[in-house]
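Taken in order, these protein sequences are the chains called A and B.
Position in the first sequence counted from 1, then plus 6, gives you the numbering used here.
Position in the second sequence counted from 1, then plus 138, gives you the numbering used here.
You may find that some hints are simply not true.
[Unchecked claim] Derived DSS-like pairs: lysine-lysine, alpha-carbon spacing no greater than 27 Å straight-line: (1) A:Lys47 with B:Lys236; (2) B:Lys241 with A:Lys47; (3) A:Lys26 with B:Lys236; (4) A:Lys70 with B:Lys141; (5) A:Lys70 with B:Lys192; (6) B:Lys192 with A:Lys72; (7) A:Lys20 with A:Lys72; (8) A:Lys47 with B:Lys141; (9) A:Lys72 with B:Lys236; (10) B:Lys236 with A:Lys61; (11) B:Lys241 with A:Lys70.
Hints in this document: simulated from the structure, not taken from any laboratory.
As the structure is a prediction and not an experimental result, all values here were calculated from the model.
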Amino acid sequence: GAVVSQHPSWVICKSGTSVKIECRSLDFQATTMFWYRQFPKQSLMLMATSNEGSKATYEQGVEKDKFLINHASLTLSTLTVTSAHPEDSSFYICSARGGGGHEQYFGPGTRLTVT
Amino acid sequence: LAKTTQPISMDSYEGQEVNITCSHNNIATNDYITWYQQFPSQGPRFIIQGYKTKVTNEVASLFIPADRKSSTLSLPRVSLSDTAVYYCLVGGMNRDDKIIFGKGTRLHILP
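Bound-form chain A, shown alone (with noise of 0.2 Å):
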């Protein structure tokens, strides 16, 4: 099946500081890939969605300028966090549709800790 990564899968850093998150489609192309971000306990909330090659759309209540979305290549996905706060330590999850299938694959998720 497809496979998505994201790296890394986990990181610590400090208030104030830009934190980049790579999504990668490992053996497809991605035409779209999605970001999530989960709190403890809780479900998965769509944060915005990015074509290849064009502006990502945010969710409603989503810092477009805050959490930074770049989808340069049909295999690659960042999501930078900017001026991280402890308040934006989450459970983020990137995931990709492409390769003329209906499925949506999902990463193994990156968990942000703000410090």
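Here the structure of chain A is known, so what remains is to put chain B in place on it, guided by the hints.
The following block gives chain B in isolation, referenced to the frame of chain A:
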């Protein structure tokens, strides 16, 4: 986007068949029904997908009635490792169609 409703939690025992039902009254004509499994600190894992009637794969079955306003995920002979959160999602399969997660069902398998 069709909203889904699932039981918040379920308990069952090893070796039993578990059925989790999801309601999606506002499902659109081009929407598919997809179920995912999620373990703590992991990304969701695809289980099964269907449009109508019954779909079966090596891990589960999906039953969809004719009106498609609900669906039932059936897990045969569960084991302790099936303890997880199960999400029912409804959405189109076009490139930009979003997958919105509901609250999911927390399944706890007891020995």
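(request) Hint by hint, work out which the structure violates, then give me just those numbers in ascending order. (result) 5 and 6
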